[in-house]
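Colleague: Quick note, the sequences are listed as chains A and B, same order.
According to the UniProt record's numbering, the first sequence holds residues 1 to 407 in order.
According to the UniProt record's numbering, the second sequence holds residues 1 to 516 in order.
Not one of these hints is a red herring.
In silico EDC-like cross-links for lysine to aspartate or glutamate, where the CA-CA straight-line distance does not exceed 16 Å: (1) Lys300/B - Asp149/A; (2) Lys290/A - Asp269/B; (3) Lys391/B - Asp430/B.
If you are wondering where the hints come from, they were derived from the structure by calculation, not from laboratory data.
Predicted model, so just to flag it, every value in this text is computed and none were measured.
Listed here are the chains, written in short residue letters.
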Amino acid sequence: MPLTIANLLKPEQIAHVPNGSLGSPFHERTSPLNFNQAWEEWNGFLAANYYRDEHLEYFSTRNTCGVLDVSPMNKYRFKGPDAEAMLNRMVTRDVTKHPVNTVQYNIWCTDAGRIIDDGTIFRLSQDEFMLTCAEPNMDWFQLAKVGFDHVDITDMSHELAALAIQGPTSCALLKAMGFKGIENAKPFDIVKFPYLDGEIMISRTGFTGDLGYELWIDPKNAIALWDDVFSTGKIFGVQPLGLESLEKARLEAGFLSPYVDFHPALHTMDKGNDHSPFEMALSWIVNFNKGHFTGRAALLKEKQAGKHRRLLKLDIEGNKAAESAILYRDAACQKQIGYVTSAMWSPVVKANIALGLVEGKYADGPIYAEVYHQKELRWIRKVCKCTKKTKPFWAPARAKQTPPADT
Amino acid sequence: MNNKHYDAIIIGGGHNGLACAGYLAKAGKKVLVLEAAEQLGGLGATREFAPGFKASVAHTLPQLTNKLVNDLQLRKHGFELAANSLATVALSPAGQHITIANGEVQGASAADAESYQAYKRLLGRFADTMDATWHKTPPVMTDGGFKDASTLGMFGLKVRSLGKTDMREFMRMIFLPAQDMMDEFFETPLLKAALSWDYNVGNKLAPRSPNNAVLNQLLKMSGDMSGNGELPLPKGGVGGLINALAKSAKAYGAEIRTGSPVASVIVQDMQATGVSLENGESISANHIISNTDPKTSFFKLLGVQHLDVEFTQRINRLRMNGLVSKVHLALNAEPKFTGLNKANGRIIIAPTMQYIENAFDQAKYKGLGEDLALEVIVPSLHDNSLAEAGKHVVSIQVQYTPYDIAGGWDAHRSTLLENVIKTLEQYAPDIRSQIVASELLTPVDLEQQFRVTGGHWHHGEFAIDAWWMNRPAYGASQYKSPVAGFYNCGAGSHPGGGIMGAAGANAANYILKEEK
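Bound-form chain A, shown alone (with noise of 0.2 Å):
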């Protein structure tokens, strides 16, 4: 064992603060490894920010792969007859075709076509989803199955413990964990194996637009699990992740978080503040060919008066990233058009990135950002041309082979 500050002391001998967090099905062995006991809460469970660099745990889902306890995502059972047309009139993509055994990413609107959340649904039968989100939808939810005699929803977050298996190693770690076949599941595929005393499902998921799965599994094999990948991921580089190294992986994937690039309808409250699918670059997952679903006429005004903001990816002049700044349309600051809503200076992309929303008259001419940054307390302005991205700027041709390369 190496020595280090951590294995010198005992896990209870770390100041921990109770804050009334709870631990996740995986606290026995992530929180030793919390260097600095650096957690934040998350849905009400103890969530590591980071364990010992973000930076190292970063290049791990780039370069290896990375382990992140996913567990207290929200995750709720849809299951009955009715639970299809529930899902279908809620969401935006046609939950009719979405087939068994899959995971599809969705958004959920007000009438207004406002967008509530994001998150993915897994197609467990044909009458059983599971759905994933960051946020608590329950309220929500029960609204929309009012008038669906024959649906039971319930919070199975506690039901299942979750680990993310994310970067170029994973399938080669998974395949060496026994998980025979593993290599032939397509993106968004799920396929399930008996484990231990029971069964562990994964899904070809995630949430850092690499080559990457997520594993679920009965709470009380939690340890288990996560020993059995550390042990034999050691050859494969495995690192556990904290949540900023995910903030990182992301936004180089162009995935959207929400609080942070979209604000929640139902928790906004000034009129124009919340979003569409529009606004959030989402129209791929509009379905305006599959019948009503909640908010599709407000949806369907709006598409077509074409007026609606635009996030765009921008790679922004200059290596400083761009947290907060203000957008113009020309470089002398004088007509602003939008703010950057979430930037990093990406170390695999080399590039300055960022997701900013412009006014929508303004997406398709020229865009600056309005960058501050410090240097020993010194502010310095510096006003950086933007490039329009179309494509997500981190997308290796491993996160959608099948089988991927062993790496």
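Given the coordinates of chain A, work out where chain B should sit on it, guided by the hints.
Modeller: Quick look at chain B alone, frame taken from chain A:
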């Protein structure tokens, strides 16, 4: 699919459905009315409840207008009144009854008789003000057009034209509980109880309930068959009006089919295109117009899969639990009430507002009071078509009898009927021995027999939050619905319940204007 195609199919042959059919057919539209029951009229149907004895659940027509009667030529088709206006009689246990007739109060204090004139004047002015709203499509508040702004403006102007003093009173009083109104004007408890009746009946309201009791009272003053606030009695029960409406609609070319329950509305490409009957038959039309209550319309007939989540919830939370039961008694002789020459008025049995409130308090907690507040009419004293000569029908509204009574209605039916008869006996001691048959219709019976959710007379509470642009709910308040081709024309739509026909007429006008 039936090879016949209609301009409009109306689901439900109650008075609003028939009025809507009449107006549409008169404008040249090809109309089909589908009634689930074997008999037209719903809560307005005159039925034989015992051999030789007839009654309709609704019994008077304070809200009917001459405009509707004339527009649809209802007199030509047999509509007539049995009595121009019934006096309202407040029965006193001691025989000191109070009568309100011909705009005068008799039997109360001199001060009350005088106050009644001021009260009548003010309410009459308020009722005229509200008249600007009842017979028009309600405005919408956001993204409305010129028409909406003008409807809103006209109402504002009407309120303003009350003059400073009356306008202030209007704005103050419109939200008052009945009891506050009564206490402001009157001193005699019996008079207060009787005059508070129309403020509350049919809704989940009692004299002390806040929320727009005054608005209710004004709706009940919307008719003009025999003047503002008067109480006309139709010949042949309300069924007499129903028959005339049906004949009129048919004469204009509408088809009417009874015994034809609709199973669902057919929606194709997000457009209502027809109906499926319970017998499997499908019929197509450009406009599908539901005269059923909003919950039946949107949940059972249309299906929520065609609606947005928040709109669905607005319909879902409509307050639809009825509180009024109906009792029909068949008598072998004329009923005699102590101290009353002839029981030919509308009799209110409620000695005080407290008495009414007590009955309501029980109902609030799903119980049943022993002392019940009653509105009693003996229509056969004015109309020989309801019973054989010398025999009589007593038509009684009973407050308050909760739809969701604890333990279910089967456990309470006989108690309720007995309590009603016991209450009547205190004022008409011989009545029990005169009864040859009786019918009790609890809110649950009304729901089952007349297909109205919760057995609610008005297809949902009539209240500020369910009024005008919010009736039945925002997004469906202009007779149209979020689904193209699907409309509502029943009491759940503006202006609301009561035998008025305005919702049906307004819906027809809206559809005709929309086509232009």
